[in-house]
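Protein chains in written order, with this note's numbering: chain A, 2 to 113; chain B, -12 to 100.
Treat the hints with caution; some may be incorrect.
Unchecked claim - With beta-carbon atoms standing in for the labels, derived distance ranges: (1) B:Tyr38 - A:Gly17: 46 to 54 Å; (2) B:Arg63 - A:Ser68: 42 to 50 Å; (3) B:Pro(-3) - A:Thr8: 30 to 38 Å; (4) B:Ser97 - A:Ser85: 26 to 34 Å; (5) A:Met42 - B:Asn14: 18 to 26 Å; (6) A:Ser68 - B:Asn9: 35 to 43 Å; (7) A:Glu80 - B:Gly41: 29 to 37 Å; (8) A:Ile70 - B:Pro1: 48 to 56 Å.
What the hints assert, rightly or not - Listed next, the in silico BS3-like pairs over lysine-lysine satisfying Cα-Cα at most 27 Å (straight line): (9) B:Lys29 - A:Lys58; (10) B:Lys66 - B:Lys32; (11) A:Lys58 - B:Lys92; (12) B:Lys(-11) - B:Lys29; (13) A:Lys58 - A:Lys18; (14) B:Lys92 - B:Lys(-11); (15) B:Lys92 - B:Lys66; (16) B:Lys(-11) - A:Lys19; (17) B:Lys29 - B:Lys66; (18) A:Lys58 - A:Lys19; (19) B:Lys(-11) - B:Lys32; (20) B:Lys29 - B:Lys92; (21) B:Lys29 - A:Lys19; (22) B:Lys66 - B:Lys(-11); (23) B:Lys66 - A:Lys58.
Hint data in this document are derived by calculation from the structure and do not stem from the laboratory. Model, not experiment: these values are computed from the prediction. Beta carbons: idealized from backbone N, C-alpha and C, even for Gly.
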Amino acid sequence: EADIYQTPRYLVIGTGKKITLECSQTMGHDKMYWYQQDPGMELHLIHYSYGVNSTEKGDLSSESTVSRIRTEHFPLTLESARPSHTSQYLCASSGLGGGTQYFGPGTRLLVL
Amino acid sequence: RKEVEQDPGPFNVPEGATVAFNCTYSNSASQSFFWYRQDCRKEPKLLMSVYSSGNEDGRFTAQLNRASQYISLLIRDSKLSDSATYLCVVIGSYNQAGTALIFGKGTTLSVSS
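Generate coordinates for the entire structure from the input sequences, incorporating the hints supplied.
Structure below.
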């Protein structure tokens, strides 16, 4: 089993609230990723990091931001949640190769 | 055109059936290919990598045709536990920050007794 954790698993929140989705891994991986997946749709990369203090935007534009202050921790923040942010957010990490990514259980976000 | 396209599902098959999934990718510079499995409301997990020479892992066989930009997954003797969505995954271009996985939409397999 992969040692990558996400909290909360489910979040229902009102419009305009600031939220932070947590992701931590204990595998010592340098590379970490955030994906967004709507029901029945493909995963889209929204952020990635290749190490501490390195963050990049992914292929899908997102209003969220990320930080990587510690190797094991890669939180995602939405400053002002909107209904359009309702989705599942999956965090992943990988070793050097990048092809084998280990995913966390995901956070299902519902913004009312 | 999407970067990774897969057969539309769902595939509904009886136990013991052989089922094949196809996938095409648009970027001829793509270097690495994988099949991931995603169970309902769960996270994706790596099923197998796809090598140029083709590779087999038990009942699962993956093949790559670079000339046609085509990847396949064959599942023999389907089990109920094979029911899941199978994601075709391609590593996109290597940028200065590293690699990025491009996921297909997935093909859903439902195996019934």
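Hint check:
no., hint, result
1, B:Tyr38 - A:Gly17: 46 to 54 Å, "50 Å, holds"
2, B:Arg63 - A:Ser68: 42 to 50 Å, "46 Å, holds"
3, B:Pro(-3) - A:Thr8: 30 to 38 Å, "32 Å, holds"
4, B:Ser97 - A:Ser85: 26 to 34 Å, "31 Å, holds"
5, A:Met42 - B:Asn14: 18 to 26 Å, "20 Å, holds"
6, A:Ser68 - B:Asn9: 35 to 43 Å, "40 Å, holds"
7, A:Glu80 - B:Gly41: 29 to 37 Å, "48 Å, violated"
8, A:Ile70 - B:Pro1: 48 to 56 Å, "52 Å, holds"
9, B:Lys29 - A:Lys58, "24 Å, holds"
10, B:Lys66 - B:Lys32, "18 Å, holds"
11, A:Lys58 - B:Lys92, "21 Å, holds"
12, B:Lys(-11) - B:Lys29, "24 Å, holds"
13, A:Lys58 - A:Lys18, "22 Å, holds"
14, B:Lys92 - B:Lys(-11), "10 Å, holds"
15, B:Lys92 - B:Lys66, "23 Å, holds"
16, B:Lys(-11) - A:Lys19, "33 Å, violated"
17, B:Lys29 - B:Lys66, "19 Å, holds"
18, A:Lys58 - A:Lys19, "20 Å, holds"
19, B:Lys(-11) - B:Lys32, "22 Å, holds"
20, B:Lys29 - B:Lys92, "15 Å, holds"
21, B:Lys29 - A:Lys19, "26 Å, holds"
22, B:Lys66 - B:Lys(-11), "31 Å, violated"
23, B:Lys66 - A:Lys58, "40 Å, violated"
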